[in-house]
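K.L.:
Spelled out, the chains give:
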Amino acid sequence: MSASVALAAAGCDGPEEHGHPLHARARGTEQEAASYASVLDLEGLGRGVLVRTRGGHAVKIEGNPQHPASLGATDIFAEAAVLSLHDPERSQRIRHDGAPQMPRQLNAALAAARDALPPDGAGLRLLTGPLASPTLARLIGEVLNLYPGARWHRCDPLADDAALDGSLAAFGRPVAVLPDLARARAVLCLGADPLGPGPAQLRQARDWSVARRNGRAAGALPHLFVAEASPSLTGARADRRIPLHPAEAESFARAVAATLGVPGLASSGSHAAAAGVAEALRSAGQAGLVLAGRGQSPAVHALAHAMNHTLGAAGTALRLTAPPMARPERMTASLAALVADMVAGQVTHLLILGSNPVQEAPAALGFADALRRVGVTLHAGLWFDETAQRCHWHVPLRHPLEAWGDSRAFDGTPAIRQPVTRPLVEVAYEEASLLSALLGTPLTARAAVTATWRDVWGEESFESRWAEALETGTAGGPAPAIAPPLDPGWDRPGRPPSTGLTAIFAPDPGLREDAQNAWLQEMPRPMTGIAWGNAALFDPQTAERLALSPGDEVELILDGRRVLAACWPTPGQAPGCVTLPLGGGRAAAGAVGSERGFDANLLRPADGAWLAGGLEVRPTGRRAALVATAPPHRPDGSGAVPRLRAGEELPPITPQASLHPSWPQPGRAWAMVIDVDACIGCNACAVACQAENNVPVVGPAELARGRGMHWLRIDRHDHPQAPAASFQPVPCMHCEKAPCEPVCPVNATVHDNEGLNVMVHARCIGTRTCSNNCPYKVRRFNWNDHRPSLDTARRNVEVPLRPRGVMEKCTYCSHRISAARSAAAVEGRALRDGEIETACQRACPTQAITFGDLNADDSAVAAQRRDGRSYALLEHLGTRPRTTYLAPVVPGDTT
Amino acid sequence: MSTSTAPVVAAALRPGGWGFGVGILLSLAGVAVLGAAIAALLVLGVGVWGNNIPFVWGFDLIAYAWWIGIANAASLFAAVLVLRRHNLRTAVNRFAEAVALAAVLAAALYPILHLGRPWLFYWTIPYPATTGLWPQFGSPLVWDFWGIMAHVVVTSLFWFIGLIPDLATLRDRAATQGRRRLARAYGLAALGWRGSVVHWHRHQAAYRLVAALVLPLLLSAQTVVALEFAATLVPAWHEARLPVHLVVTGLPAGLGVVLAMAAVLRRALSLERIIDAVDMDLLARLLACAALASGAAYVHELVNGLLIADGAPREAFLARISGAGALSYWGAVVLGALLPQVLWRRDLRMKDWVVIPVGMLAAAGVWLDRWSLLVGGLLRDHLPVHAVPYVPTPAEWALLGGSAALFALVLLLFGRVIPVVAMFEIRHEETEAQALEEQR
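For the protein sequence lines, the chains are P and D, in the order given.
Residue 25 in the numbering used here is what sits at position 25 of the first sequence, and the numbering runs on without skipping anything.
Residue 185 in the numbering used here is what sits at position 185 of the second sequence, and the numbering runs on without skipping anything.
Heads up, some of the hints might be wrong.
Which chain D residues face chain P? A few, computed with CB under 10 Å, are given here [stated by the list, open to error]:
1. Phe20
2. Ile24
3. Ile38
4. Ala40
5. Leu44
6. Trp57
7. Gln136
Cβ-Cβ distance ranges computed for the label pairs, FRET-style [unchecked claim]:
8. Leu133/D - Ala591/P: 57 to 63 Å
9. Ile308/D - Ala217/P: 53 to 59 Å
10. Leu307/D - Ser658/P: 42 to 48 Å
Hints in this document: simulated from the structure, not taken from any laboratory.
Since this is a predicted model, take the numbers as computed values, not measurements.
The beta-carbon is built from N, C-alpha and C at its ideal position, and this holds for glycine as well.
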């Protein structure tokens, strides 16, 4: 395993070559450590990031506070991008039929291919992933102008074509719905997961937490209703979660719409829960909001639009804009048309840019077979993946952190992507330069991007705006709001619902295209606890009927297509449906990503549908290789998370009597407060901690043995009443009466003068007795030597690597405390409250984590300690933890 | 010189028999496995074991507590005999001392080997280091270091002092047989013993002194092991009764092993006349008695865990005695406390085919008790942290089997090169008997 997760940076890249990737002024005083604004895409849409570099190497991703899709936070995919950048298994060579080639051989082949094209370019096809990049869109447009016979197709396995159809039905044009959860007072999610992973997650989660904070202060919390089939992060935090079979979704939405008095309703529906939800929406009025998500029919999307229209939500709870994506179209139809043309022999040249259709398209579509009928195929991508292996030519692409580009956020805000490190793969190409080569005017990507924005901004203001865009990380404002009228004939009832067991295809909450990323693979999925793979999520009743227990292997059969998968009974799953996460079971994703779980694409219908009825399940009687870090259902039997009604207060945290002497704390007393009410369980803090603190990846075998190394784990506690789950991040508590300290025979874990419980790795002899005595079980032991896999260019040099046989744990990012203290000393001032941000705190999209000096009465952390929701974990043990929590507030009567 | 000690000496000096050779070979092979297991442990680290978080300890500390229990019971038995000048001591005391020493040696492996960085074990010793750091004297693990060191030293002394007169006898026998080198080796170990009245006087004083030292040490050694658990916050471990529990429930293991070994040795080395039926009878009753005490400890544990304790400790105890933990807990009760009760029947306890399995199973029962405490005790913690069950790996089985082989090898070598029962005591008894007859 260690070899596979090794990040061996290319040995030829000495640090001296890495010193000058600078295109914008560095943020930070030191030249050694600086950070640069850039943007990373998820599902084609950008989230602004600041990339921290050390000696020219990108070592850590943080959120860009000035970017609307980040607001300073990061998600797991952004955090993990820095690991993919340094992945030693990235494609390193140009290949022709698998054999390495020189760039000049590629150029010759491309020139020959261009000469072979007819003048109108008929037979030339471009295939990309979803993209919102203005520059790439411009270049593709120019290619299509130059070759009128050429076509541009897209492969986006996560595209929601029904949303496009729904907006076409409602408004006659594609629109993007931008919810403003900070202003919404009642939200109904019809399968939508605004708090779940996605390009708008960070912004929506922040808005949601702001609304809750304001609501708590005002004594009136906003309402959140979620009607969904499979448990999501939003559903876990909903005031009321309605498990809903997809077949019932339209009827439920119609019932709500009818109660709201939506005009133009073609037919009515019924559902027991509809009246209460509708009443809450109606009383919220303009602050009411209905969101339809992936997997819903076009009719449900149209219903959501109509309900929002009736509520008058536009301008308050939501904003409608033109979609940020370049040239919106039905993605599945786009790909199906390409395959049909390929089969018909109409495609002679296929250029696949940064997409992996062989893997990502439904296997039933037959893309891989059709590919053999194309004369010249060229794949450009980060990895020599399934598609690359089947194309004639493969060209390594630069990682987004190495390449120039631009992007749009979910709200349309453009941003320039600047390289923050020199390319780690020498021969790697940029997408823009490949496209411009096709135009016959080879340009660097930088030239292509500047040309785009020179056009947008005009010649005279270009230089200043360009410099500003690079420094701030945004290149303009969000897309303007539009107010399209509702089409009177908006309601076109959908097809009758399918019968039998329904397969629901869904994006894996922890994986996108980065199956090669070991941090993502090892991070337990929040609602299942599964890592290093996936499982088919069954509702408990169906699992019981089939006598399936967690981890049993089943054969799933859909229209004759078969796949073997692990079964995972999931509380909250709507009866009669099985959720199949996409993105697993890869064949060519390197040692890290290959053969992890099953590939749901083998079952997915050729039209890329999100739902399919008539799923058959046959238990094989075997056990599947499944790594689960927690059981499916985790009731909070021990009352670890107290839950309050609005206005209720907990008794203040009072120190228990202790036989151990109290140490004086005259100076600073570092402490952390985690707001469980704000935590959405997104795992960003845990990945940020892993990146910041050089926390090793142990691999599936060791993780299955209970040897995971994450310093910060997130405990989910399930409750019978709403919200269905509480997420409680558990780092080291830094107890004032730390039980780990007196039992260590060699004084390897001790207190420092600011109250940090510090672990002296060099002194540790590995008795592990400290872990025995830690009631929070936050200590991690180096059962094996992980240093070889960590000692790479990616490593954060400010945090030491730990040898085999010693304990380690959360340090409250003590190196950041030291750095801030030094900076303050250099500037001759006192430390400011909030100046020190731990990595987990920095990443958190909902700002659930606060860190600071408990001794300073005016500090944020001291104020939160005084909050009536404040509680300490296992307070009765008398450990006096410095990490305390704020209890979640349960909704009032929402039935 | 009395003729009654001749078989004992003959056992020590005659060439090894067929069974002895096989035994030595088997235990040597086992010790080779032990060596390989230790080498693998040092090269690859404790990751070769099945431990995880929260089960940071497993076979290592189970075996440690178990071997200590065996050593304790055997030493306790021998020391009580010395101090009470019981007749039985003449037959089995040397042998019990040897069992104790071999068990302490086996036990002493674990506190060092279980460390993440075993080569730094000496950091638990208060020595004047350049770092200026002392050990953390509040840690039960430091107490444990002193406990095991004292145990090794005192047990070795006890055994060695008792051996001196017999080593001199062996020296003399070897010399009369003309085996000069062997005589010299025994002579060195006999420390120049000449059998003078002054020597005898000092010997008896030293012997009783060390025997008196053994008694508190036995309590302290087990107690310190127990404190490693009792001093933590783990709900199933944080019990004031734990030291007493470990001392009391440890006795059947040691007595069971002594009993089984005595039955095997008297048959294999033809010592029936010296370790006679009365000795075996008494030893078997002692085991039954210890098991009864052990049973009382379990009753107390059940009353304490089910009726007195509440909250987390009660839940943790319930998890220990039911579900995944039930097999080890009730196995310990049955094997360690209930099964030896059959020895109250005289017809059963006089049969080798009964006492050997009962003795060994009693030892296995105590092993299960330690498993139930270390592994079962962690099944329920304060927080519902998902714990992956602890599954020992082949490396751990190799270490356990290897340490048993080391134990067997030490015992076999004792039986081969030194008198397996105290010759001088047998002579002493004979002389006393003669004197009594003469008086009549």
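K.L.:
None of the hints should be skipped; say for each whether it holds.
P.N.:
How the hints compare with the structure:
At its closest, the beta carbon of phenylalanine 20/D sits 40 Å from a beta carbon of chain P; the interface hint therefore is violated under the 10 Å criterion. Evaluation of the isoleucine 24/D hint against chain P yields a violated restraint, the C-beta minimum of about 35 Å exceeding 10 Å. Restraint check, isoleucine 38/D versus chain P: the minimum CB separation of about 15 Å is more than 10 Å; hint violated. Among the interface hints, the one on alanine 40/D is violated; its C-beta lies about 13 Å from the nearest C-beta in chain P, farther than the 10 Å criterion.
Interface hint status for leucine 44/D: upheld, as the beta-carbon distance to the closest one in chain P is roughly 8 Å, under 10 Å. About 7 Å separates the beta-carbon of tryptophan 57/D from the nearest beta-carbon of chain P, less than 10 Å, and the hint is met. Restraint check, glutamine 136/D versus chain P: the minimum CB separation of about 5 Å is within 10 Å; hint holds. The hinted window of 57 to 63 Å between leucine 133/D and alanine 591/P is violated, with their beta carbons roughly 43 Å apart.
Checking the proposed 53 to 59 Å range against isoleucine 308/D and alanine 217/P shows it is violated: the Cβ atoms sit about 47 Å from each other. For the pair leucine 307/D and serine 658/P, the supplied restraint of 42 to 48 Å is violated, since their beta-carbon distance comes to about 29 Å.
Figure legend: structure checked against the earlier numbered hints; hints not met, in rising order: 1, 2, 3, 4, 8, 9, 10.
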